[in-house]
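Colleague: Make the full structure from the sequences, and use the hints.
If you read the sequences in order, they're chains F, C, Y and L. At position 7 of the first sequence (counting the first as 1) the number is 7 in my numbering, and the numbers step up by one without a gap. At position 50 of the second sequence (counting the first as 1) the number is 50 in my numbering, and the numbers step up by one without a gap. At position 173 of the third sequence (counting the first as 1) the number is 173 in my numbering, and the numbers step up by one without a gap. At position 112 of the fourth sequence (counting the first as 1) the number is 112 in my numbering, and the numbers step up by one without a gap.
Hints were generated in silico from the structure; no laboratory data involved. Some hints here could point you the wrong way.
Unchecked claim - Straight-line distance between alpha carbons at most 25 Å, and here's what the computed BS3-like set of lysine-lysine pairs gives:
(1) Lys-73(L) <-> Lys-92(C)
(2) Lys-73(Y) <-> Lys-92(F)
(3) Lys-66(C) <-> Lys-42(C)
(4) Lys-6(F) <-> Lys-38(F)
(5) Lys-66(C) <-> Lys-7(C)
(6) Lys-6(F) <-> Lys-31(F)
As the list claims (entries may be wrong) - Just a few of them, taken from the derived set where beta-carbon distance is under 10 Å, the chain Y residues facing chain L:
(7) Glu-39
(8) Asp-45
(9) Ser-60
Virtual Cβ for every residue (Gly too), placed ideally from N, Cα, C.
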Amino acid sequence: MSFTLKKQGDVVVVDVEGQLIVGNRQELKQKVLDEVEKGERKFLIDFAQTGYIDSSGLGVLVSLSKKIREHGGELRLADLNDDLQTLFELTKLDTLFQISDTRERALEGF
Amino acid sequence: MSFTLKKQGDVVVVDVEGQLIVGNRQELKQKVLDEVEKGERKFLIDFAQTGYIDSSGLGVLVSLSKKIREHGGELRLADLNDDLQTLFELTKLDTLFQISDTRERALEGF
Amino acid sequence: MREPHVVRAPSIKPASGLPAAHETHGEPRPGVSQPRLNEPRVAVDVDIPSDVSQIERVVSLVTDLCRDLSLPKRHYTLNIPVALSEALSNAIIRGNHEDPSKYVHLRATVSDVALVIDVTDEGSGFDMRDIAHDPTSPEDLQREDGRGLFLMRQLMDRVEQIHGPHHILRLTLNR
Amino acid sequence: MREPHVVRAPSIKPASGLPAAHETHGEPRPGVSQPRLNEPRVAVDVDIPSDVSQIERVVSLVTDLCRDLSLPKRHYTLNIPVALSEALSNAIIRGNHEDPSKYVHLRATVSDVALVIDVTDEGSGFDMRDIAHDPTSPEDLQREDGRGLFLMRQLMDRVEQIHGPHHILRLTLNR
Ligand SMILES: Nc1ncnc2c1ncn2[C@@H]1O[C@H](COP(=O)(O)OP(=O)(O)O)[C@@H](O)[C@H]1O
Ligand SMILES: Nc1ncnc2c1ncn2[C@@H]1O[C@H](COP(=O)(O)OP(=O)(O)O)[C@@H](O)[C@H]1O
Numbered sequence: 001m002s003f004t005l006k007k008q009g010d011v012v013v014v015d016v017e018g019q020l021i022v023g024n025r026q027e028l029k030q031k032v033l034d035e036v037e038k039g040e041r042k043f044l045i046d047f048a049q050t051g052y053i054d055s056s057g058l059g060v061l062v063s064l065s066k067k068i069r070e071h072g073g074e075l076r077l078a079d080l081n082d083d084l085q086t087l088f089e090l091t092k093l094d095t096l097f098q099i100s101d102t103r104e105r106a107l108e109g110f
Numbered sequence: 001m002s003f004t005l006k007k008q009g010d011v012v013v014v015d016v017e018g019q020l021i022v023g024n025r026q027e028l029k030q031k032v033l034d035e036v037e038k039g040e041r042k043f044l045i046d047f048a049q050t051g052y053i054d055s056s057g058l059g060v061l062v063s064l065s066k067k068i069r070e071h072g073g074e075l076r077l078a079d080l081n082d083d084l085q086t087l088f089e090l091t092k093l094d095t096l097f098q099i100s101d102t103r104e105r106a107l108e109g110f
Numbered sequence: 001m002r003e004p005h006v007v008r009a010p011s012i013k014p015a016s017g018l019p020a021a022h023e024t025h026g027e028p029r030p031g032v033s034q035p036r037l038n039e040p041r042v043a044v045d046v047d048i049p050s051d052v053s054q055i056e057r058v059v060s061l062v063t064d065l066c067r068d069l070s071l072p073k074r075h076y077t078l079n080i081p082v083a084l085s086e087a088l089s090n091a092i093i094r095g096n097h098e099d100p101s102k103y104v105h106l107r108a109t110v111s112d113v114a115l116v117i118d119v120t121d122e123g124s125g126f127d128m129r130d131i132a133h134d135p136t137s138p139e140d141l142q143r144e145d146g147r148g149l150f151l152m153r154q155l156m157d158r159v160e161q162i163h164g165p166h167h168i169l170r171l172t173l174n175r
Numbered sequence: 001m002r003e004p005h006v007v008r009a010p011s012i013k014p015a016s017g018l019p020a021a022h023e024t025h026g027e028p029r030p031g032v033s034q035p036r037l038n039e040p041r042v043a044v045d046v047d048i049p050s051d052v053s054q055i056e057r058v059v060s061l062v063t064d065l066c067r068d069l070s071l072p073k074r075h076y077t078l079n080i081p082v083a084l085s086e087a088l089s090n091a092i093i094r095g096n097h098e099d100p101s102k103y104v105h106l107r108a109t110v111s112d113v114a115l116v117i118d119v120t121d122e123g124s125g126f127d128m129r130d131i132a133h134d135p136t137s138p139e140d141l142q143r144e145d146g147r148g149l150f151l152m153r154q155l156m157d158r159v160e161q162i163h164g165p166h167h168i169l170r171l172t173l174n175r
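Modeller: This is the structure:
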């Protein structure tokens, strides 16, 4: 389980490797908030290498999105596999986020 | 779990994919004996894709070796990983078979 | 449900330790014959320290078991890992308040008809019927918490509580 | 060792269903305090039809568990699969004579100190002490059978029998 942050253009891209769950979501939250603090405004979380996400992981995405919006920025998501897509649909969180099929497509429009 | 037999030169090469155990060893035995029946005399079993072998799997190797020798042929082995090498050493069956590191090396001297 | 691991021979009646189709709930009915087993039937018991860092590995353990027993792929990549994570984190955080002197017990059984997971904590329990809000409603969609029970209910065929000396949440997923 | 799966709350005493360091054999000693658990402690029970085609999948189940619980790699790639296959095939073939009305029961427990596997069959048992020939001796090296117990003894730290209403073979591998 690890989170890797990389800058692509003016977008901070976060790779989530493994699970995003109650045991590690604080780490993701802190890493992203640190970047907001430094002035970053555009964030993309790429789930290509993600296993499953629990409700507390979803909760962190919601709260990060809110916080980033408060700073005039945006959090987008990319590369959800079928299971994750289902999870976002079940919780209707697919209506809250802009979700792209691939990282490239997400970066294009950002 | 499957056994694939291929002719390379005058050697019948058998690939053991998965386990060689009580549940499938008869299949291996029959396939090899069919070839002996057809007149084949040189056999090489390649364990590159093999998981584990139980005592009945070892037993089949011993009995095939004996049968092939009775017909003036030989059964050689190749590509044992560390676990299988240990198993052959524990049972001293490494003294009964000519064992090569690779299929190529086994075929060279045959 | 658990007893000391003493040297004693068990009586072998297939499925006696495991739920058969007709006895997933309640006492086995006398006179009802046991169905013939054609597949291994499995029960796993896990004692888990009240530490959320344990969840991932316990979930792997159960999902690997389900894969080995040929449950549908989606079950062990989505339904089970998510619902089980929820049940375990509620038990560890809400039930046991992460108290290191307390444990969570998991019992998962896989039969030909269903996966049944009991998660027992040492807390005072709660009443599931009180948790009926809809986290997908516009008012609640932006809330950070409150999706745990909702997800379990969505992803499992049944979510039940057993109130006894300890609080048990039972998740059932039909095969 | 097994009981009907009834709706009843278990008492949560860590390790009560699982062997602790000092009680891997025999009754738990009263007055000896339970060691604190820092890792999940696991017991798995499997009812297995008396059919050798079941062995591979039951072995995967146990080796996956051992991998998830971070046992040494060699243990779950060599020692456990080979020794467990031997125990299961002996139970199915020698013990139960592949009678489809009989079952083999496996109970595997993983604690911080050891993996303990009990394989119970419905046969009349045998005396392990009678099986002491050396299959690596020149006379026996070319025999097709007779390597099962030898391999279990080589690959496990302990191989024991428990004679009761049913025959149990117990394999122990220290961590
Ligand atoms: N095992 C438990 N013991 C006590 N209370 C619980 C337990 N599980 C859930 N609850 C209660 O149910 C509420 C709703 O749980 P849930 O839907 O998972 O959302 P969340 O945990 O995010 O609040 C919790 O806030 C808690 O009050
Ligand atoms: N579960 C069992 N029930 C009855 N007899 C057994 C059992 N396991 C082993 N035996 C006896 O012990 C003998 C030796 O077993 P083993 O060393 O595994 O070699 P093999 O099974 O190849 O003969 C068997 O031939 C059988 O007579």
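Colleague: Now tell me, hint by hint, if it's right for this structure.
Modeller: Quick rundown of the hints versus the structure:
For a cut-off of 25 Å, the pair hint linking Lys-73(L) to Lys-92(C) stands: about 23 Å separates their Cα positions. Restraint check for Lys-73(Y) and Lys-92(F): satisfied, since their Cα atoms lie roughly 23 Å apart, inside the 25 Å limit. A distance of roughly 13 Å separates the Cα atoms of Lys-66(C) and Lys-42(C); the hinted pair therefore holds under the 25 Å criterion. Of the supplied pair hints, the one linking Lys-6(F) and Lys-38(F) holds, its CA atoms being roughly 14 Å apart against a limit of 25 Å.
Between Lys-66(C) and Lys-7(C) the alpha-carbon distance is near 21 Å, which keeps this suggested pair within the 25 Å criterion. A hinted pair counts as satisfied when its Cα atoms are at most 25 Å apart, and Lys-6(F) with Lys-31(F) qualifies at roughly 12 Å. The interface hint given for Glu-39(Y) holds, since its Cβ lies 7 Å from the closest Cβ of chain L, which is under the 10 Å cut-off. Of the supplied interface hints, the one on Asp-45(Y) holds, with its beta-carbon coming within about 5 Å of a beta-carbon of chain L, less than 10 Å.
The beta carbon of Ser-60(Y) is positioned within 10 Å of a beta carbon in chain L (closest approach about 5 Å), and the interface hint is therefore held.
In terms of the numbered hints stated before, the structure departs from none.
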